[in-house]
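Student: In the order they appear, the protein sequences are chains A and B.
Number 16 in the working numbering belongs to position 16 of the first sequence; there are no gaps in the numbering.
Number 221 in the working numbering belongs to position 221 of the second sequence; there are no gaps in the numbering.
Some hints here could point you the wrong way.
[To be verified] List of simulated lysine-lysine pairs, DSS-like, C-alpha gap at most 25 Å:
| hint | chain 1 | residue 1 | chain 2 | residue 2 |
| --- | --- | --- | --- | --- |
| 1 | A | 76 | B | 358 |
| 2 | A | 125 | A | 154 |
| 3 | B | 191 | A | 75 |
| 4 | B | 187 | A | 86 |
[To be verified] Quick list of the computed label-pair ranges, beta carbon to beta carbon:
| hint | chain 1 | residue 1 | chain 2 | residue 2 | range |
| --- | --- | --- | --- | --- | --- |
| 5 | B | 43 | A | 96 | 38 to 44 Å |
| 6 | A | 95 | B | 476 | 56 to 62 Å |
| 7 | B | 449 | A | 79 | 43 to 49 Å |
| 8 | A | 106 | B | 411 | 41 to 47 Å |
| 9 | A | 106 | B | 108 | 54 to 60 Å |
| 10 | A | 96 | B | 133 | 38 to 44 Å |
| 11 | B | 527 | A | 86 | 52 to 58 Å |
[As the list claims (entries may be wrong)] Chain A stretches covered by chain B per the calculated footprint, using a threshold of three residues with CB under 8 Å from any CB of chain B:
| hint | segment |
| --- | --- |
| 12 | 70-78 |
| 13 | 82-88 |
| 14 | 118-126 |
Think of the hints as simulated: they come from the structure by calculation, not from any bench.
Note that the Cβ used here is the ideal one computed from N, Cα and C, for glycine as well.
If you want the building blocks of each chain, they are given just below.
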Amino acid sequence: MPKKKNGQTQKRKIGRHIITALVENHFGVLAHVSGLFSARGFNIASLAVGETEDPTVSRMTIVVEADDRTLEQVKKQLNRLIDVIKVVELTGKDFIDRELILVKVKISSKTRAEIIQIVDVFDAKIVQATDQTITIEATGDQQKTQAFLELLEKYGIAEVVRTGRIAMER
Amino acid sequence: MKKMTGAHILVESLLKEGVEVMFGYPGGSVLPFFDVLMDAPLRHVLMRHEQAAAHAADSYARVTGKVGVCVATSGPGATNLVTGIANAYMDSIPMVAITGQVKTFLIGNDAFQEADVTGITRPITKHNYLVKDVRNLARIVKEAFYIASTGRPGPVVIDLPVDVTVAETEFTYPKSVTIRSYKPTYKGHVKQIEKAADVIVKSKRPVLYVGGGIILANASQELREFVSKTGIPITTTLLALGSFPETDPLALEMLGMHGTAYANHAVQESDLLIAIGARFDDRVTGKLDEFAPHAQIIHIDIDPTAISKNVEVDIPIVGDCKHVLRELNKIAKPPKIDTWIKQIKTWKKKYPLKYDTKTPGLAPQFVIEKLYEATQGKAVIATGVGQHQMWAAQFYKYSLPRHFVSSGGLGTMGFGFPAAIGAQVGRPNETVICIDGDGSFQMTSQELATAVVEKLPIKIALIDNGYLGMVRQWQELFYKKRYSHTCIGDTCPPDFIKLAEAYGACGIRVTKEAEVMPAIKEALKIKDRPCLLDFRVRREENVFPMVAAGRPLHEMLGAMA
Chain A
1 MPKKKNGQTQ KRKIGRHIIT ALVENHFGVL AHVSGLFSAR GFNIASLAVG ETEDPTVSRM
61 TIVVEADDRT LEQVKKQLNR LIDVIKVVEL TGKDFIDREL ILVKVKISSK TRAEIIQIVD
121 VFDAKIVQAT DQTITIEATG DQQKTQAFLE LLEKYGIAEV VRTGRIAMER
Chain B
1 MKKMTGAHIL VESLLKEGVE VMFGYPGGSV LPFFDVLMDA PLRHVLMRHE QAAAHAADSY
61 ARVTGKVGVC VATSGPGATN LVTGIANAYM DSIPMVAITG QVKTFLIGND AFQEADVTGI
121 TRPITKHNYL VKDVRNLARI VKEAFYIAST GRPGPVVIDL PVDVTVAETE FTYPKSVTIR
181 SYKPTYKGHV KQIEKAADVI VKSKRPVLYV GGGIILANAS QELREFVSKT GIPITTTLLA
241 LGSFPETDPL ALEMLGMHGT AYANHAVQES DLLIAIGARF DDRVTGKLDE FAPHAQIIHI
301 DIDPTAISKN VEVDIPIVGD CKHVLRELNK IAKPPKIDTW IKQIKTWKKK YPLKYDTKTP
361 GLAPQFVIEK LYEATQGKAV IATGVGQHQM WAAQFYKYSL PRHFVSSGGL GTMGFGFPAA
421 IGAQVGRPNE TVICIDGDGS FQMTSQELAT AVVEKLPIKI ALIDNGYLGM VRQWQELFYK
481 KRYSHTCIGD TCPPDFIKLA EAYGACGIRV TKEAEVMPAI KEALKIKDRP CLLDFRVRRE
541 ENVFPMVAAG RPLHEMLGAM A
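Kindly generate the complete structure, drawing on both the sequences and the hints.
Tutor: Following this line, the structure appears as C-alpha cells:
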C-alpha cells in the first residue's frame, strides 16, 4: 500500500495557535521574525511585543493561522533564527491570555442605556463619550472580547483597535 | 592598551579567524579597510565584479571546508553580492560577507551609495549584523564566523559603516562565543539511532539518499564505512557528488530530475529510505505525493527545520551527520538484501547512462567523458547551471569529496567560472576545470581578467551550443519547439577564442571528436594562465533521463535512449 507521505493534496485542518517567543531585545529582531513569516507564507493573526522582566529579552506573542504541519515549521523556523531564545506553543496548554480593545460605537438616546448595560456586564469601561459615539475599553480573553464586539455590532461599530493577544502559561 | 581603528580591528580579527584569502572589490565606504589591508598578511583577490567575489568565496569554502570571505563596498557593491549570498544560503555554505555602509548618521537618509543591506539580505543569510559601535566589532566578527561555520552552515553579512572603521577602541579578540539563543545539536538522540539501526537490519529494499550535508560535515569517510558495513546501495544529490565513489558497484550516482534511471527506480521501489544531510528538494523528489511511496524514511540532519518539511519522516535524527554515522556504524548490522541488490544490478544493466553516438557532430557527453579520462576523475570540477551542469554530473565520475562545485539550490548561471577561481585559489596544486555553458560563462566571463592576473591555470571547458540549452530543451519538450529567446548565437558572438586571447588567456577551438583529447592534454600542460577550450558541440542535444517537473520519479523520459 502506498503511504501518503505528503499532505499537499490532503485537506488539512487550519486552526489558530498561540506561540510565545522569547527574543533578544535588539533592533532588527522584529524584522527578522516578521520577515520570516512573510517569506515562508505563514499567516499572522496578531503579534504583540514587549520587554520582559529582563530588559535584554522581549516576549512576542504570536497568533498564527496554520495547520499542524505548518505550525511545526513555524516553530522550528522561529527557533532557527539566531536572535530567538525560546519558542513555546501555548495552545493545548493551560494558559491565560488577554487582549485589550478600544471600540467606538454609535449611540442615540434610545440605545445609550442598553449599551451602558452591556459595558457593565462585560466589566468594560467608557473612556470617551460624545453626542453620537462612545468609546469603550474592554479587556479579556479572546472569547470575551469577541462576544463583546458581537453584542455591540447591531448598534453600529465605527472603529475598533485591538492590541492583539498576549499570553502566559499558568 | 593601545587603541586601534575599526579597520585595523577587522583585519586583526580576520587574521585571528585564520583567514588567509578573501575575494572582493573596493569602493568608497571600504577605503579605510582596504588601506589597512595593503600592509596586512592577508591575500585579497581582486575580482572584476562583486557577484564573482561572493561566488569565489563560496567555492573556496566548498573546496577547503573553511569559511569563505568576500568584501564589497556599500550600495551597489553590496547589492551585487546579493546573488552570491543567496547562492551560498541555498546550499548552506559557510561564508562571511563584509559590506561597507554609509556613515551611521547618514543611514536611512538615501545617502550616496546607500542600500539597506541588512534589510535586503535578511531572508538570504543565516544571520546579519549592522555594526553601529566599533566596540562591538571584534565580538561581531567572532560571532559571524562561529554562526557561519557551525550547525547548518550559511552566509553571515557584516554591514560596516565607514565611520565605524575609522573610530578607535581597544582591541581584544574574544576567546570564545556564547550566544544563548544559538546552540546547534550535534549529537543524535541515542534512542533514535538505535531505532534506525533496528529498522535498517530488517529492511528488504533500503536505499541511502545522501545530500550536501555529508560534504559539509566532512563525513564521507563515515559514509563509506556505513556502506561497506551494511551493503546498502547509495544515491547522492548533485551537491553530494564525490562523497561516495561513483565507480563503486553500490553507487547509484545522482537521483532526481536528471538522475540515473537506476537511482530513481531504486528510490521509488525502496522500503526504507535513509536520507542523510539532504532536504527533499523538488528537483530530487519529483511529485511529492508519489515520492518513495513504499518507503519508511529515516532522516538524519543537523537542521530540525529540514525534517518533515516536504516529506513526512518516520525516524528523524537531528544531529551532525558525522557524529550520527559514527554512532550508527557502531551498532548497524547488514540487512539481507541479496534480491534487492540483484534487482539494482538488473536496472543498472538495463538503463545505463547513454547518449547518441550516431548523429554527426560532437556530443557534449563525449567531451565530459574525455575530461574524466584525462584527469582520472581527480580534478576539481566547477560548473555553471544548465545542460552542461547535468552532463558534468552524469558523465564525470566523482570519487573525492569537495571536488565538485556547483550551484544546487539557487541554480545560479554564471557561478561556474568565479567558482573555479575560488577553487583554484583554495587548491593551488590541483587541476581545476570549469565545465561551463556558453550562456552561463557569458554572465561572469569578465573574470578572465582576474584569472589571468592571478596566473590561475584554470581550464574552461565550454560546452558551446549557442543556446541557453536547458531552457531550449524545455521549449522543445513542453512548448512545441518554440525557441523563444534561447538562441544566443550559432558560431558567433562572441568568438570565445578571441575573447580568451584578449584577456591574455589561451584559447583552443574543438569541433571534432578526434580533437577533444589532444586539446584537453594541451590545456592540462598550461600552468601559468587559464585556458579556454571551446567545444562546439551538437546544438540540440538533450539531457536524459528526465523527469518532467511535477511528475513522479519513475516516469522518466529517455531512460532507454
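Student: Hint numbers the structure violates, sorted upward?
Tutor: 1, 5, 8, 9, 14
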